[in-house]
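Chains as they are written, first to last, in numbering that gives the first Met the number 0: chain X, 0 to 505; chain Z, 0 to 505; chain E, 0 to 505; chain U, 0 to 505.
A couple of the hints might just be wrong.
[Unchecked claim] In silico DSBU-like pairs for lysine-lysine, Cα to Cα no more than 35 Å straight-line:
1) U:Lys275 x E:Lys127
2) Z:Lys121 x X:Lys497
3) E:Lys95 x Z:Lys461
4) Z:Lys121 x Z:Lys8
5) U:Lys121 x U:Lys8
6) U:Lys497 x Z:Lys127
7) Z:Lys50 x Z:Lys73
8) E:Lys497 x U:Lys497
9) X:Lys497 x Z:Lys127
10) Z:Lys73 x Z:Lys26
11) Z:Lys499 x U:Lys259
12) Z:Lys42 x U:Lys499
13) X:Lys324 x X:Lys275
14) E:Lys127 x X:Lys275
15) E:Lys46 x X:Lys497
16) Z:Lys328 x Z:Lys275
17) X:Lys121 x U:Lys499
18) U:Lys497 x X:Lys127
19) E:Lys95 x X:Lys497
20) U:Lys259 x U:Lys382
21) X:Lys499 x E:Lys321
22) Z:Lys189 x Z:Lys324
23) U:Lys275 x E:Lys382
24) U:Lys324 x U:Lys382
25) X:Lys461 x Z:Lys321
26) U:Lys127 x U:Lys324
27) E:Lys499 x X:Lys42
[Said to hold, decoys possible] Which residues of chain E face chain Z? A partial, calculated answer using Cβ under 10 Å:
28) Asp63
29) Asn103
30) Glu117
31) Ile119
32) Ala267
33) Leu270
34) Gln316
These are computed hints drawn from the structure, not numbers from a lab.
C-beta atoms are modelled at their ideal positions from N, C-alpha and C, and glycine is treated no differently.
The lines below spell out each chain.
There are 4 protein chains.
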Amino acid sequence: MSSERISGKTVAQHNSRESCWIIVHGKVYDVTEFLDEHPGGSKIILKYAGKDATQEYDPIHPPDAITTNLPPEKHLGEVEPDTVEKVVVEITDEEKARQERMANRPSLEEVLNLHDFENISKQVMPEKAWAYYSSAADDEITNRENHAAFHRIWFRPRILRDVTRVDWTTSILGHRSSMPVYITATALGKLGHPDGEINLTRAAAKHGVIQMIPTLASCSFDEIVDAAQPGQVQFFQLYVNKDREITKKIVQHAEARGVKGLFITVDAPQLGRREKDMRMKFEAEDPSVVSASGSDGVDRSQGAARAISSFIDTALQWDDLKWFKSITKMPLILKGVQCWEDALEAYDSGLVAGLVLSNHGGRQLDFARSGIEVLVEVVAHLKEKRGLTFPNEKFQLFVDGGVRRATDVLKAVALGATAVGIGRPFLYAFSAYGSEGVERAIQLLNAEFEMNMRLLGARTLKEVVPEMVDASNLSTHIVAVPGDNLYNNNYESMIYAKLKESKAKL
Amino acid sequence: MSSERISGKTVAQHNSRESCWIIVHGKVYDVTEFLDEHPGGSKIILKYAGKDATQEYDPIHPPDAITTNLPPEKHLGEVEPDTVEKVVVEITDEEKARQERMANRPSLEEVLNLHDFENISKQVMPEKAWAYYSSAADDEITNRENHAAFHRIWFRPRILRDVTRVDWTTSILGHRSSMPVYITATALGKLGHPDGEINLTRAAAKHGVIQMIPTLASCSFDEIVDAAQPGQVQFFQLYVNKDREITKKIVQHAEARGVKGLFITVDAPQLGRREKDMRMKFEAEDPSVVSASGSDGVDRSQGAARAISSFIDTALQWDDLKWFKSITKMPLILKGVQCWEDALEAYDSGLVAGLVLSNHGGRQLDFARSGIEVLVEVVAHLKEKRGLTFPNEKFQLFVDGGVRRATDVLKAVALGATAVGIGRPFLYAFSAYGSEGVERAIQLLNAEFEMNMRLLGARTLKEVVPEMVDASNLSTHIVAVPGDNLYNNNYESMIYAKLKESKAKL
Amino acid sequence: MSSERISGKTVAQHNSRESCWIIVHGKVYDVTEFLDEHPGGSKIILKYAGKDATQEYDPIHPPDAITTNLPPEKHLGEVEPDTVEKVVVEITDEEKARQERMANRPSLEEVLNLHDFENISKQVMPEKAWAYYSSAADDEITNRENHAAFHRIWFRPRILRDVTRVDWTTSILGHRSSMPVYITATALGKLGHPDGEINLTRAAAKHGVIQMIPTLASCSFDEIVDAAQPGQVQFFQLYVNKDREITKKIVQHAEARGVKGLFITVDAPQLGRREKDMRMKFEAEDPSVVSASGSDGVDRSQGAARAISSFIDTALQWDDLKWFKSITKMPLILKGVQCWEDALEAYDSGLVAGLVLSNHGGRQLDFARSGIEVLVEVVAHLKEKRGLTFPNEKFQLFVDGGVRRATDVLKAVALGATAVGIGRPFLYAFSAYGSEGVERAIQLLNAEFEMNMRLLGARTLKEVVPEMVDASNLSTHIVAVPGDNLYNNNYESMIYAKLKESKAKL
Amino acid sequence: MSSERISGKTVAQHNSRESCWIIVHGKVYDVTEFLDEHPGGSKIILKYAGKDATQEYDPIHPPDAITTNLPPEKHLGEVEPDTVEKVVVEITDEEKARQERMANRPSLEEVLNLHDFENISKQVMPEKAWAYYSSAADDEITNRENHAAFHRIWFRPRILRDVTRVDWTTSILGHRSSMPVYITATALGKLGHPDGEINLTRAAAKHGVIQMIPTLASCSFDEIVDAAQPGQVQFFQLYVNKDREITKKIVQHAEARGVKGLFITVDAPQLGRREKDMRMKFEAEDPSVVSASGSDGVDRSQGAARAISSFIDTALQWDDLKWFKSITKMPLILKGVQCWEDALEAYDSGLVAGLVLSNHGGRQLDFARSGIEVLVEVVAHLKEKRGLTFPNEKFQLFVDGGVRRATDVLKAVALGATAVGIGRPFLYAFSAYGSEGVERAIQLLNAEFEMNMRLLGARTLKEVVPEMVDASNLSTHIVAVPGDNLYNNNYESMIYAKLKESKAKL
């Protein structure tokens, strides 16, 4: 980086596609060549071409995002402070309406379940954030199947047991958790709330829940660890970098900072195409870019997606696990296992402490099966082939995807899971209410756990046994015969007895 | 209770959250500390702070509700009659509209089935009552599954039998019933109609149907028993109180008053979270309370629900059945059994005369299976393990939940049930039409029974045998693969040949 | 009947509920006591109290309906012709609109399938007729299942066969039929069209299709037989009268007139409750009657339904078949068999020539299974127990209910049916277009048969074999788990790329 | 053909139904007798009666359509050029609106998947084209089932494999293909775009995809072959003509022009009734024709459909394959096989190189099963009976119908298909965007293939093995029990916590 001081006037001259400089935190960057790579589209950058973009930049990016993504020669130096014109952020009508909705959020007491958070945050968060968080792969079939799968599992509760005291605390990788739930890793938390992932850290601390820190957090790793309370347990989710030295540095830094488990993502050698999110990008793009790129045949929407994930190692293999074992003492967990064959291989390797049966929230391969469905298959085959029983202290199985109710969690526990990861619901909770939202979400789950444990007749999670569920239809993937519209539309539905007035009116 | 007489003026001074007195039936109560516990919300009480609340109180509460729920020191004494100002009950526009709809109910002749009652009462009962009656646990999946399950059972009727006379009378716990149906216990009948549960008693008397009296009736137990005709059979549903002396008193009083069967609820150690009902509460709450409680983190909506059910013994166990046997000669029936294992344990105990296979109308544990599904499993296992056949005089099986048609009842009978409990439909019938509504409901069922017995080729219930139904899909719990919206929305539905005019218009 | 001549003036004085006379075809009847029994409601009769009702009477009733239903003492005699005032039939706005729609029917060429007829006739026939024809039992589940069941059967067609000539003629009870379809019996044809069932007779004659004459036809039996061409084959559907002498007379008269098969209805000892039709009645009723009957507790809607079917013998039994055999040489067919046990009993009796596997178009017992489902069970069990194969010349199986396409028919044939009965679609065809509509319907079926036989690779019906269909899901009666509305409504459907304009607009 | 020159004035006199001449490419034709046979309806011809129709004719017909379809004596000769009045084509408002929508198409970059093309082309193509392309047989059940079937197959992906390089190229009948996809034959390409099938040829050339040329192309066979690049591989789809000399000429010409595979259609001895398309015809017909034909009972809509397909040999049989073998060295593939029995017969004949398991896009026999379902059955039986494994170089299996995503293709490959045919999506792509649309479609598929291969853990198509899919529900054809509308409509859906404002408003 140059150490030269640059005048605001000079910066102001580089205000076009051809030459585009911006100021962030008092430093000047040449982003001309980065315009088309910007995950958020070029339009938003061009709006600040030649200007101070800090105010727009901060809520969305980790502090080091720009220094990491731009080559050093594009770091032009510091700006002379008083020479920069203040940028007045214009607020669009849409944004005003959104802020008004934000001001009118229901009180937290009125939020009765995790669905409420999703609904409220859909209304109060920026469209872009909603598109990013809610989108999934292809036709988003797997995304919704994740939730639907739980509805094919039904309870067989027991009666006449003393359920005065019910206890749903558990131990995850040897660490106490107030419930069989952990906060799983989700990316770009500042899209939804300025405090980003730290909202989760704070709420997790208060309620004894374990948080998994994501590689792609908006807050920096250290910010998130710094926000933790003494003794608070955190895990780390890792996208493995092609450059193993970088990976090693990240992993050992995590261990040094006290992280208690390393969750290696194995279902995302390339990040998924999420069309709802891509669709949103076109709205945000400078139209001239779109038409330009249209004519040269280069698909920049692909390029952008690839840019974010280009560091991920597509060559990651079973053999690499030994290397991980050699660089860290943290337990290794594979996140994204989707069939019993891989579960068995992982177990037989003797290198991993557990698996997350997951399809990445439906964001990677559409028509991947739900984690809960895979759980049943893994438990059955590992019992048959290795005599294992689950939940298993030495080889723990986790499930994530589609969880909205404590009943969902208890179904997973009954079928052998140690705990369940919840992602989007907590994301929605803090997007609408900050860390208090996450706290409320945890409280609601606690209330549901207490009720449901009693109604199941289970005093502890040990008593939540396989016989308590009927999962025999779990693998039944039905699409009904397409409707006979002519027949069905001819059918005239029956009607109720009508009130006299309405009868008169009709 | 103080015996002192209090002036209306004094009462009138206690008209705020800080000090709130009300008058009910000429007595003064200090309800300040009860405000936040009130199941109906604090707002409605504060409206009568310092005033006579009798007119508002009466239609909803059992006469002894206030004396039971308030500690004696809050019973301040009698008011001086002439010193109290008359309360003019203001009628809201919504209430006026509701009363108008009530005046425009269809004639009872136009009510052709039990669905009609539900539809009409939804329109004519107070919103609060509808929310309380219709709500169920979590996402109300089990609530609706209860009805859906019957639709997975199909008939195999027989022909060419002399069905001139068909007889669907039966015997329940040794008592004659005009149909294989009893009126099951449902709470708070006065929410729907000023006469509450007595509507049921009257109609039951006329038509030879057995009524089960609920613990949480709006009318007092004795009022309901007093309303019965000589020889009329009544059962009693019991929530077991932690204080066994109270339980004993209640049970022995019931027996002394002639109750013929004790149905002990075993599926509700804690009353369920019913969000539709909780949602309604926020409308009824004083907003200042909500925000206040929001800030101190106390969840009063939980508190209220807990208040009602706090007396229920969460420690009730199998061993307690012997104690019940020791304090009463009434036959004991467990209400809320949900798997064959518990059914077997109940049978083997030798202490119970029958079971109600029920999930509490879907109001307790969501994803509990329907009673009718559990019936098939219980019948199969008790046959296999103990050689029992059903219907069985000595160990009777009942089912409740989701019944709307005589066909539903006959399916249960074919599969081994002695009789079926119907709750909400009767509740809706009297909410809209008083006891005449209940009578009409019974008549409609009778008309359906006559028709369906003939069409099945069954002269008596004994001839309604398992071979008459195909229940092979009963346990199939399917959720279809989530829809491919892009594909489906592209599909253009076929159209019919159009009338010439409409063709011109389009 | 009195032979006295009555003056129009005298008749005109009996113009009220208390005394109600009407004139039909120049004869005077006292219908005072019949008012409440009238299937069409009392209101419509009272409109003609004291007047000439012929014009209204004719299109709906068989000529002898009034003489059959009124006791002789109510037949008061002939009216003096010139003393009667002409009745001017007022046409309501609804009726005018309906007639306009009738005038605007699409041309017959535009009618491309049987669904079209249903849709058009729904728009152009009187509401009352639509309600009567389309209604079915209880919640009309079986009614719709009849059609749905065919959609669970899929084809396995064969290729590379010479299908230049395809032949779908067949033989039904030894009589040639141009297709494996007959026109099954449906009641009250004049509700839809003034020529009633004769529309069917005429079209059947032209196209070599067999018509089954219903007991409850609007045209008299002889009118229908008279309308037939020489050599035209007709069957007769019989509701057995309690008075066996009447039954005998009817049966022997049918045989004498040349009827070739007697289809004895065995699924209707009592006619079903059809609420859509009952609902319509209340619209047609004199409101004063409704309230009057409401107060005395008598359910006239029941009474009316019962009145029509009161002659049917509820005691009809297997033994009676011998008696039928003794009074007629016509082959006997049982119409309404619904399980293999009864099919076997019928076969073993040696008295019957065939069975119609039917649930009466869904109008009797709701949750009765479809005929096509019963067919598979009957074929399997009669093969296993008696070594029969189907189609079988000596013991023919028919199916009716839900047929709309030639593919439906071919599925039934592949599974063992000799032919299939079609009812409502022909009724709708003539209601909208008279006999030409029925002809068009038959032509459409022929066009579909030709196409489908070729595409199946079947030159004759003999080549339509069981291996050509996959019916393995036929008995799967699924009701999906009730929807998770909170989850589903949160899901935001994906969208397409938008046209630029519409993008601008949104 | 006469060689006489005709004056424009003479032509202009033949401007009515009675005598209708038109000019196309400077030649005069008497089309009077052809009016009612015209697949596009008579109305459009009559508009040009006595005039030059070239401008209207060109975009829809292959150049030789008129000479082929009219008998030589109707070719009247050449017109004197200067005597013809220019026809001013009037543009309707609908057409103007359509052209405006065309101008407003989204940019190709915004098109993110094949669904988008269908949606856009539905909006921008002429209604007639949409009706023809999108329509299918009867109730279009099979048409939609083709897509739905893929949704009953789920993935079992593998992890921790080096997927840096993934390769989805393959070999089809010995020819390299850049993906396991070919462009299958679809008729009348000029309905959607003036360049018709040549759009496909051009895009196929650029991207190494194989095109199957249809018999019923809008462009002539030679035009399509001429448009190919040197070395570009093309197949030919053949409807076998009754006149074997014509067939021979066509086949040998195709071989001579370098076509690499002959796909003989075996599922269409007669072309299907497609009602959506027929319905559209009535809009296009001269109303006087409709009423005329209505009265004489001739069904011209049938006649037109039959006219197109009348040349197809309905007598084509297995034995004919030897004859084909004798006239060409091109590999023979049967297109339209629908059960394992025929697949076995084809294999045992030793004459065919492969099969397309297809139901003609749902356009022939409704309730034919999807190709993907048939694939599983064929693979299983050919393995069991002949020990074959698939994909099989010597006997290749193809599937078409319902494909929209690379995941669909990979499912077929996993189950044994060599490649998959895609038809309508490419048709929609060029209808909206010409050959660039097709290119974009191929690029999108490539992007999906790359992503999905990585996520499946498959480096080459050989690694896409049967164990990677769960197809156990593929043959489950479910139609749910018809809904209980009265019950369901009574159910009141749960609601979310409301924003304060909206609460106030409601």
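Outcome of the hint check:
no.	hint	result
1	U:Lys275 x E:Lys127	holds (32 Å)
2	Z:Lys121 x X:Lys497	holds (12 Å)
3	E:Lys95 x Z:Lys461	violated (55 Å)
4	Z:Lys121 x Z:Lys8	violated (41 Å)
5	U:Lys121 x U:Lys8	violated (41 Å)
6	U:Lys497 x Z:Lys127	holds (18 Å)
7	Z:Lys50 x Z:Lys73	holds (16 Å)
8	E:Lys497 x U:Lys497	holds (31 Å)
9	X:Lys497 x Z:Lys127	holds (22 Å)
10	Z:Lys73 x Z:Lys26	holds (11 Å)
11	Z:Lys499 x U:Lys259	violated (52 Å)
12	Z:Lys42 x U:Lys499	holds (18 Å)
13	X:Lys324 x X:Lys275	violated (38 Å)
14	E:Lys127 x X:Lys275	violated (50 Å)
15	E:Lys46 x X:Lys497	holds (24 Å)
16	Z:Lys328 x Z:Lys275	violated (40 Å)
17	X:Lys121 x U:Lys499	holds (15 Å)
18	U:Lys497 x X:Lys127	holds (22 Å)
19	E:Lys95 x X:Lys497	holds (25 Å)
20	U:Lys259 x U:Lys382	holds (28 Å)
21	X:Lys499 x E:Lys321	violated (54 Å)
22	Z:Lys189 x Z:Lys324	holds (33 Å)
23	U:Lys275 x E:Lys382	violated (43 Å)
24	U:Lys324 x U:Lys382	holds (26 Å)
25	X:Lys461 x Z:Lys321	holds (28 Å)
26	U:Lys127 x U:Lys324	violated (39 Å)
27	E:Lys499 x X:Lys42	holds (18 Å)
28	Asp63	violated (27 Å)
29	Asn103	holds (4 Å)
30	Glu117	holds (9 Å)
31	Ile119	holds (7 Å)
32	Ala267	holds (8 Å)
33	Leu270	holds (9 Å)
34	Gln316	holds (5 Å)
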